[in-house]
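*Asks:* Chains A and B, in that order, are what the protein sequence lines are.
Each step along the first sequence adds one to the number in the working numbering, with nothing skipped, and position 570 is 570.
Each step along the second sequence adds one to the number in the working numbering, with nothing skipped, and position 233 is 233.
Don't read these hints as lab results, they were simulated from the structure.
Taking lysine-lysine pairs in the PhoX-like style, the calculated list, with each CA pair at most 25 Å apart, reads:
1) B:Lys298 / A:Lys245
2) B:Lys154 / A:Lys56
3) B:Lys445 / B:Lys416
4) B:Lys79 / A:Lys245
5) B:Lys79 / A:Lys189
6) A:Lys217 / B:Lys488
7) B:Lys416 / A:Lys217
8) B:Lys87 / B:Lys12
9) A:Lys520 / B:Lys557
10) B:Lys298 / B:Lys2
11) B:Lys351 / A:Lys217
12) A:Lys21 / B:Lys230
13) B:Lys2 / B:Lys13
14) B:Lys288 / A:Lys298
15) A:Lys245 / B:Lys87
16) B:Lys230 / A:Lys93
17) A:Lys245 / B:Lys13
Fair warning: this is a prediction, and the values are worked out from it, not measured in the lab.
As a plain string of letters, each chain reads:
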Amino acid sequence: MDKKETGVQMQTLRRVLQDLKHDWFRLVLTLLLAVLTVALTLWVPILVGNAIDGIKGAGFVDFDAVTRILLTIGISVAVTALAQWVMSIVQNKIVYEVVEDIRNRAIERLEHLPLAYFDSHPTGVTISRMISDVDQFADGLLMGFTQLFTGVLTIIGTLIMMLRIHPGITVVVFVMTPLSLFVAAFIAKRTYTMFRVQAETRAAQTAMINETITNQKVVQAFGHEQLTMDEFDAVNRELETASRKATFYSSLTNPCTRFVNALVYAAVGVTGALAAIRGSISVGQLSTFLSYANQYTKPFNEISGVVTELQNALACADHVYALIDEAAESPDQPDALELQQAEGTVRFDDISFSYTPERPLISHCSIDVRPGQRVAIVGPTGCGKTTLINLIMRFYDVNDGAIRIDGHDLRDLTRSSLRTQIGMVLQETWLKAATVRENIRMGMPDATDEQVIAAAKAAHAHSFIKRLPQGYDTVISDKNGALSQGQRQLLCIARVMLCLPPMLILDEATSSIDTRTEQKIQSAFQKLMQGRTSFIVAHRLSTIQEADLILVMKDGQIIEQGNHESLLRLGGFYANLHQSQFAH
Amino acid sequence: MKKLLRLLADYKKECMLGPLFKMLEATFELFVPLVVKSMIDRGIGNADRGHIIRMCLLMALLAAVGLSCTLIAQYFAAKAATGFSAKLRRALMQHIQRMTYTDLDTLGTSSLITRMTSDINQLQTGVNLTIRLLLRSPFIVFGAMIMAFTVDVKAALIFVCAIPLLSVVVFGIMLLTIPMYRRVQEQLDVLTETTRENLTGVRVIRAFRNEKAEAQAFRQENDLLVSMQKRVGRLSALMNPLTYVIVNLAVVALIYTGALRVQTGVLTQGAVIALYNYMSQILVELIKFANFIISVTKAVACGNRIQAVFESGHPVPDDDSEPEIRPENRGTITFDRVSFTYENAAEPSVKDISFTAKRGDVIGIIGGTGSGKSTLVSLIPRFYEPTAGTITIDGIPSTEFPRRALRNRIGTVPQKAVLFHGTIRQNLLWGRGDASDDEILDALKTAQALDIVAAKADGLDEMITENGRNLSGGQRQRLTIARALVRKPEFLILDDSASALDFATDAALRKALQELPDRPTVLIVSQRTASIQHADTILVLDDGQLAGIGTHEQLLKRCEVYREIHASQFSKEVRSNG
Numbered sequence: 001m002d003k004k005e006t007g008v009q010m011q012t013l014r015r016v017l018q019d020l021k022h023d024w025f026r027l028v029l030t031l032l033l034a035v036l037t038v039a040l041t042l043w044v045p046i047l048v049g050n051a052i053d054g055i056k057g058a059g060f061v062d063f064d065a066v067t068r069i070l071l072t073i074g075i076s077v078a079v080t081a082l083a084q085w086v087m088s089i090v091q092n093k094i095v096y097e098v099v100e101d102i103r104n105r106a107i108e109r110l111e112h113l114p115l116a117y118f119d120s121h122p123t124g125v126t127i128s129r130m131i132s133d134v135d136q137f138a139d140g141l142l143m144g145f146t147q148l149f150t151g152v153l154t155i156i157g158t159l160i161m162m163l164r165i166h167p168g169i170t171v172v173v174f175v176m177t178p179l180s181l182f183v184a185a186f187i188a189k190r191t192y193t194m195f196r197v198q199a200e201t202r203a204a205q206t207a208m209i210n211e212t213i214t215n216q217k218v219v220q221a222f223g224h225e226q227l228t229m230d231e232f233d234a235v236n237r238e239l240e241t242a243s244r245k246a247t248f249y250s251s252l253t254n255p256c257t258r259f260v261n262a263l264v265y266a267a268v269g270v271t272g273a274l275a276a277i278r279g280s281i282s283v284g285q286l287s288t289f290l291s292y293a294n295q296y297t298k299p300f301n302e303i304s305g306v307v308t309e310l311q312n313a314l315a316c317a318d319h320v321y322a323l324i325d326e327a328a329e330s331p332d333q334p335d336a337l338e339l340q341q342a343e344g345t346v347r348f349d350d351i352s353f354s355y356t357p358e359r360p361l362i363s364h365c366s367i368d369v370r371p372g373q374r375v376a377i378v379g380p381t382g383c384g385k386t387t388l389i390n391l392i393m394r395f396y397d398v399n400d401g402a403i404r405i406d407g408h409d410l411r412d413l414t415r416s417s418l419r420t421q422i423g424m425v426l427q428e429t430w431l432k433a434a435t436v437r438e439n440i441r442m443g444m445p446d447a448t449d450e451q452v453i454a455a456a457k458a459a460h461a462h463s464f465i466k467r468l469p470q471g472y473d474t475v476i477s478d479k480n481g482a483l484s485q486g487q488r489q490l491l492c493i494a495r496v497m498l499c500l501p502p503m504l505i506l507d508e509a510t511s512s513i514d515t516r517t518e519q520k521i522q523s524a525f526q527k528l529m530q531g532r533t534s535f536i537v538a539h540r541l542s543t544i545q546e547a548d549l550i551l552v553m554k555d556g557q558i559i560e561q562g563n564h565e566s567l568l569r570l571g572g573f574y575a576n577l578h579q580s581q582f583a584h
Numbered sequence: 001m002k003k004l005l006r007l008l009a010d011y012k013k014e015c016m017l018g019p020l021f022k023m024l025e026a027t028f029e030l031f032v033p034l035v036v037k038s039m040i041d042r043g044i045g046n047a048d049r050g051h052i053i054r055m056c057l058l059m060a061l062l063a064a065v066g067l068s069c070t071l072i073a074q075y076f077a078a079k080a081a082t083g084f085s086a087k088l089r090r091a092l093m094q095h096i097q098r099m100t101y102t103d104l105d106t107l108g109t110s111s112l113i114t115r116m117t118s119d120i121n122q123l124q125t126g127v128n129l130t131i132r133l134l135l136r137s138p139f140i141v142f143g144a145m146i147m148a149f150t151v152d153v154k155a156a157l158i159f160v161c162a163i164p165l166l167s168v169v170v171f172g173i174m175l176l177t178i179p180m181y182r183r184v185q186e187q188l189d190v191l192t193e194t195t196r197e198n199l200t201g202v203r204v205i206r207a208f209r210n211e212k213a214e215a216q217a218f219r220q221e222n223d224l225l226v227s228m229q230k231r232v233g234r235l236s237a238l239m240n241p242l243t244y245v246i247v248n249l250a251v252v253a254l255i256y257t258g259a260l261r262v263q264t265g266v267l268t269q270g271a272v273i274a275l276y277n278y279m280s281q282i283l284v285e286l287i288k289f290a291n292f293i294i295s296v297t298k299a300v301a302c303g304n305r306i307q308a309v310f311e312s313g314h315p316v317p318d319d320d321s322e323p324e325i326r327p328e329n330r331g332t333i334t335f336d337r338v339s340f341t342y343e344n345a346a347e348p349s350v351k352d353i354s355f356t357a358k359r360g361d362v363i364g365i366i367g368g369t370g371s372g373k374s375t376l377v378s379l380i381p382r383f384y385e386p387t388a389g390t391i392t393i394d395g396i397p398s399t400e401f402p403r404r405a406l407r408n409r410i411g412t413v414p415q416k417a418v419l420f421h422g423t424i425r426q427n428l429l430w431g432r433g434d435a436s437d438d439e440i441l442d443a444l445k446t447a448q449a450l451d452i453v454a455a456k457a458d459g460l461d462e463m464i465t466e467n468g469r470n471l472s473g474g475q476r477q478r479l480t481i482a483r484a485l486v487r488k489p490e491f492l493i494l495d496d497s498a499s500a501l502d503f504a505t506d507a508a509l510r511k512a513l514q515e516l517p518d519r520p521t522v523l524i525v526s527q528r529t530a531s532i533q534h535a536d537t538i539l540v541l542d543d544g545q546l547a548g549i550g551t552h553e554q555l556l557k558r559c560e561v562y563r564e565i566h567a568s569q570f571s572k573e574v575r576s577n578g
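Take the sequences, apply the hints, and build the full model.
*Replies:* Pasting the structure below:
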């Protein structure tokens with residue numbers, strides 16, 4: 001890892017500690033408990049050794065001493081267990097509460113991020129930041145607490161204890177233990193290549209399985225089963241070989257380190273026993289040493305794993321912090337107006353806008369819409385129709401000029417009151433994973449059941465809702481696939497029908513819906529638009545012809561505006577479009 | 001699960017010897033405390049340096065022999081486990097190849113893929129671990145107890161008490177926490193879904209000013225998750241302290257009993273140390289064993305899921321005999337009051353359909369989404385069997401045709417233009433394995449797809465990436481049409497296959513089909529009246545029923561549904577692009 005990365009990690013670590021700061025009391029408590037636990041755990045083998053020294057041989061048993069020591073062991077064990085238990089619980093609490101807090105901060109931030117964030121970050125990435133990154137961070141933090149800290153303490157503690165009993169034998173342990181680490185690292189390095197081969201072969205087979213089974217019907221339609229099997233068998237045999245090697249070599253680690261540990265144990269045994277004959281160590285102390293030698297290598301093996309885990313956790317924490325640190329959208333002006341019952345005058349006053357400075361999109365655009373007018377927006381894919389919707393809803397702010405509703409600059413209004421005045425039905429029919437009723441009520445949570453049903457009837461949705469398994473209480477989910485695209489669209493219309501805002505934005509594309517359902521949706525749209533200023537991303541000729549104002553867009557510019565007749569007379573882009581597309 | 005284990009039969013030797021060698025290793029490990037005992041009692045007691053060194057070498061030897069035993073066992077385990085999983089994967093793949101469309105529908109492709117991949121991997125791990133640990137851990141635990149008996153019966157009774165106590169704690173806590181951890185995972189999934197909803201629905205949520213409510217809902221789910229995590233954390237936090245207490249109390253009891261026995265001369269100091277060492281071995285192995293049980297439980301669950309797939313398919317054996325076909329019947333299809341209901345569906349998708357197609361006819365099938373068009377044509381190659389009525393093909397009831405022979409006569413172009421990883425040629429050869437390049441080029445020409453191949457640097461050898469991502473939708477569709485034509489089929493089924501083609505190409509394709517020397521009987525499924533209006537017969541489907549049958553002109557006069565569709569499309573075609 002290079003220096004820069006380490007620097008970032010240090011920064012992240014500092015920030016994690018900052019987040020833990022208000023919990024300092026519990027943190028210090030767990031650290032103290034950890035020290036206590038480790039010290040007592042290391043003390044017990046010494047006590048056992050002392051007790052054994054009290055059992056010299058027939059007739060030479062010092063019962064007073066042994067009983068006293070055993071009592072001490074009992075008490076120390078009880079204290080250790082209690083300390084360990086309290087420590088784990090406190091650690092759990094600290095970690096999970098930090099994680100809860102981080103997730104809550106993240107969702108809070110998410111609700112205030114500008115739309116630009118969502119348009120430029122894939123959904124999957126943000127989800128993994130909020131869910132799996134936070135989860136791995138929690139795991140790493142817990143492990144860091146429990147294993148890294150106590151592991152280091154145990155190693156140091158064991159060394160001190162051993163040195164105090166017999167420096168000579170300690171050197172034997174100290175010199176030989178790295179051997180087991182070395183063996184483990186050696187095997188890991190060798191197996192790495194085999195694991196890679198296995199992973200690659202497995203990926204190839206999975207790709208083949210995916211492709212074949214997903215399209216199993218085509219395979220059968222063409223009678224290709226046998227050839228498919230032949231191809232499969234070839235990869236399968238390769239995978240078997242790769243897998244066998246990887247599985248075998250990776251399963252060598254434990255036996256080999258166990259073997260090295262056994263050698264350390266034997267070495268301690270022989271040096272200890274010889275020292276005992278010389279009288280520089282007692283038999284009890286030898287048994288203490290033997291149990292230390294058994295335990296000593298364990299924290300080493302754990303720590304090497306924990307360090308990677310911790311680095312990973314910090315990297316994950318970094319992702320989450322990056323999300324929390326994203327700049328929020330500009331807050332509403334302190335003296336922002338609450339727009340009430342808008343009349344519906346919309347003016348684009350020489351506005352310019354682009355998503356990125358390098359690619360100018362809309363420049364110097366002016367539009368005038370009177371209350372109740374229908375505005376159709378026409379143009380090829382990617383010409384900026386959605387951008388206009390984004391600007392009117394104030395999902396994005398204009399770079400220059402101003403959009404005014406009833407004479408107010410959008411930026412002088414609260415976002416919430418502006419959006420209350422506009423009903424929006426998009427081509428992409430997003431519904432919550434909640435009941436039909438809750439979905440319709442979205443814009444007006446206190447609507448009565450009668451109002452909900454009335455809205456659904458107006459949107460031609462009531463009849464199919466009634467036929468759903470639980471009617472209005474049916475939970476909408478993708479899994480059941482219960483609703484067709486057309487039905488979802490009708491629910492979105494009902495959702496707006498309930499609020500009946502003074503202005504509308506409609507994206508009427510219905511390409512995946514069969515033509516008869518589409519007509520129903522059309523008639524619902526018609527009803528909705530009566531007497532309301534409406535912006536319609538228009539696809540059908542009838543909508544376009546009936547519109548009071550047609551905006552013809554191309555490459556982000558409104559290149560022509562007017563009504564159907566005037567545009568045809570103009571003989572420009574619209575007239576051309578009409579000629580080529582509509583004259584089949 | 002049991003039936004799957006039959007596949008292990010070829011690895012009987014490995015499955016028996018593996019655990020045996022593991023047990024041998026464990027035995028050698030169990031001797032170590034006795035060696036230490038002798039080292040202390042005889043070596044230190046008699047100041048016998050030679051004995052100490054001999055005992056030390058013995059320990060090293062035990063370790064070395066133990067190591068070689070394990071290596072053999074690990075190899076057997078790896079061989080049996082990977083061999084078993086390879087066999088299982090093959091058997092399952094073979095089974096899937098023989099499944100009917102109904103089986104595929106009910107089981108679902110994504111779950112079949114999971115069975116084939118991650119479930120079998122889990123099972124492989126399970127078999128591997130079983131061979132390695134099934135005997136070793138229990139053997140060490142009970143072995144330690146038995147060795148304790150050889151040292152001293154009275155002291156060994158302490159083992160008899162401690163082992164069940166430890167087992168209860170270890171297994172009890174694990175059994176209690178497993179379902180809790182599963183619920184934590186489920187709650188985490190809920191949180192994931194809530195997050196996803198907030199991201200995908202951000203425009204709607206903001207338009208309806210629901211940000212606060214959504215954040216509140218998230219916080220509630222998050223809160224629930226954390227309280228569940230804390231609860232399971234509290235329980236599993238008991239494991240270490242409790243086992244620590246039990247083991248050490250047992251040690252205290254051992255030493256005390258030891259002290260009494262040593263005083264009377266029944267035991268030596270070294271024997272007490274040996275007992276103490278046996279006690280320390282138990283805990284580690286018990287925890288290992290409990291973890292092993294968890295892995296095996298998971299593997300058994302995977303195994304059962306795989307077993308269920310084996311049991312749920314209904315492959316029908318097919319004989320390969322070709323039925324006798326009279327030449328005058330060639331190329332004809334007759335539906336006689338045919339109905340079909342999907343498995344578990346309440347209503348039939350196709351109801352009471354009758355029509356006849358003569359050789360070389362073009363049959364158009366039109367209707368709204370979900371009206372049963374695709375279902376109707378999928379009955380012809382016997383992808384599904386009609387639930388009522390009969391289909392006659394080439395004058396023979398379709399059920400009397402072996403599936404393979406029947407499908408060989410039919411070129412199918414599915415709705416979704418699916419191509420496979422490989423070259424364009426390899427894909428086209430799916431139609432007929434022995435087709436020459438000239439025949440392939442002819443098919444491409446008819447399918448209006450020659451320009452695709454011409455534009456590629458490698459021509460027919462151009463690689464198609466997975467799912468045909470390096471081709472446009474229209475190109476893929478034309479290639480799938482060519483693939484069906486390579487077969488020189490007697491019947492050609494175009495299941496809404498021209499939807500990605502523009503009008504001109506669509507028309508050119510239909511014209512080219514008409515001009516083929518050996519004209520197939522064509523069934524065109526479409527949503528567009530323009531694609532089928534020149535057909536000899538048009539079937540209009542509405543809700544699975546035949547709403548009208550006839551030519552374009554007849555239907556415009558007679559059939560209300562057809563008129564509606566046509567009218568709605570007249571305006572639909574008159575659309576701007578955006």
